[in-house]
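Chain order of the listed sequences is A and B. Under the working numbering, the letters of the first sequence match residues 1 to 327, in that order. Under the working numbering, the letters of the second sequence match residues 1 to 296, in that order.
To be clear, the hints were calculated from the coordinates, so they are not data collected in a lab. Don't take every hint at face value.
Sample of chain A residues facing chain B (criterion: CB under 10 angstroms; computed from the structure) [what the hints assert, rightly or not]:
#1 M55
#2 G56
#3 E81
#4 R88
#5 D90
#6 F96
#7 D98
#8 E115
#9 H120
#10 L123
#11 G125
#12 P152
#13 S170
#14 C171
#15 I177
Ranges of calculated distance between the beta carbons of each label pair, as one might list FRET restraints [as the list claims (entries may be wrong)]:
#16 A:K86 x B:P139: 50 to 58 angstroms
#17 A:K111 x B:F120: 46 to 54 angstroms
#18 B:F20 x A:E278: 45 to 53 angstroms
#19 B:P207 x A:S68: 49 to 57 angstroms
#20 B:F20 x A:R145: 18 to 26 angstroms
In the DSS-like style, the derived pairs of lysine-lysine whose C-alpha atoms are separated by at most 25 angstroms in a straight line are [as the list claims (entries may be wrong)]:
#21 B:K188 x A:K118
#22 A:K133 x B:K71
#23 A:K8 x A:K86
Quick reminder that beta carbons are idealized off the backbone N, C-alpha and C, glycines included.
Listed below, chain by chain, are the residues.
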Amino acid sequence: MSHLLEVKGLTTVFTGDYGKNITVDHIDFHVDEGEVVCIVGESGCGKSVTSLSIMGLLGKGGAVIDGSVFFDGRNLLSMSEKELDKIRGDQLTMIFQDPLTSLNPVFTVGKQITESIKAHMHLSGKEADARAKMLLEKVGMPDARGVMKKYPHVLSGGMRQRVMIAMALSCNPKLLIADEPTTALDVTIQAQIMELLGKLQRETGMSMILITHDIGLVANMADRVFVMYAGQMIEEASVEELFERPVHPYTRALLDTVPTIRDDAGRRLVSIPGIVPESYDNIKGCRFADRCKYRRPECDMPQEDYEFGEGHRAKCIVMKEELTGGN
Amino acid sequence: MRKKINQQKLIKDIANESYFQTVLRRFCHHHLAVVSLMILILLGGAALLAPVIAPYSPDEIVGPFSGAPSKEFWLGTDQIGRDVFSRILYAMRISLLVGIMATLISTVVGVVLGLIAGYFGGIADMAIMRFTDMVMSFPYILLVLVAAAIFKPGLWNIILILGFVDWPGIARLVRGNVLNLRETNFVKGNIVAGMPLRHILFSEILPNTVAPILVYATSVLALSMLDEAALSFLGQGVQPPTASLGNMLNGAQSLTVLTKQPWLWIPPGLLIIVLVMAINFIGDALRDALDPNSNR
């Protein structure tokens, strides 16, 4: 069966004043129809760059140098801007991290929503208005009519993110990429927004890529989880697998850092020692090795994806030897 | 109690007002600017209605040579017997026309070049900005004088010359703003939404930078009126018999006029000062009123 989105060997390089820097290194993943896939990892590991590469939004200095991104059977990377414009916003859309700067401050909310509806669905002004109102009600905005006449600066962060979601949904996308949609929001609002995204995903049956550094968010929402570290996908598993039987030492460490309500009162919060290597182009072996407590000489060899069960892969030779006896 | 309710109503009014109303309210805080605006409307109206108001034809000889102000000729007559008051009304027309047209041209040129340089960057940016630097680094008045000499002085040539000399400031301003705006999420969001480039440039980015452009344009307006006056004073601007505030001052080059016939040069000189000051005050108030970060 073909996947809705299939990323193969995607490699993105940023060229700066200090030379080239491989930010995303040969990552493979896919998203099926109606599936929610999470990409988890700490800051600077290449999560956002992955999503920007898929959308063709890298901007100055960034370039995809290898790999392919197939969406609905067509390679997005070989498309012209014009062709991309037909797909972006229509079938493929994205919500950004910071809702505070995601709306144009000089236009009313209504105008901004109806604009993309008009552009893609070829509706008249009145029909677009009605649809915008319907969308705002769908994302749980009270007084949708009134909100449409308001300027973004009078709305709160949570409300703005709801507007952004309404805009993203305006043309019934097949795939929504949410890049840390709740990072800039309060914890209580975070929960509401995640709940809303989950509900809308179930209702519309769209696929979703959820990018986050908060592994706690992942548990409720995702079908499958990808863990990224230093530009590589180091582990892939279904949610249950990942939480029950994490394999990669990094994933384990990441899960250990999450405080739970059943913790002893005296338990200290765990952190992962060390920092993400700043430049990881010339590390041949495992990129986590320097921070890893299971480190062995084999770790300095290039790591492959090892199978640990149905749909469960990880880049760790040590665990492969430990858990499966090396076969 | 009553007062509290009023205050609540006021706060609610402020929260509900449109952007335009906010700007108007903030603008009215600047009393000097409001007065300036009234003066400008009055003078502009007088200039516009010159054919109706002026007692005489501006180019016809209607009275004695160099006559002092009198009941018949309110501001006296010039060396060849034309009515100074009528000429001033027509001169204001020309000066405002030059100012407004030159500002329009330089704004359009500056905005388009700034948008292109800022949004596309790279070679386009490099080429446009170096050209801008070149125009800016050239001695301004010399450039204008040379251009005026080449293209034959005349009303429309002056407008074109001033228009194509004043744009670098606006181009830089717009480019700087666009560089900023290009990286914002709402511009990225528009790309994600599959909006065409034309829409992103002119309907998303441009409206966000209109306020600073408007403020800058007021100073360009004042400056180009001054430049027109300077050029005409030097005889390279608007050519007689057409009256402009600048070439009316031309008469003051002679010592007799300067000392003995102040009615020939004080009124046009005063008008230039008043017009330029009024425009600058309005620009200043606009800067405050249009600033989205101001919380008044």
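Which hint numbers does the structure go against, in order from smallest to largest? Hints 10, 11, 17, 19 and 22 contradicted; others consistent.
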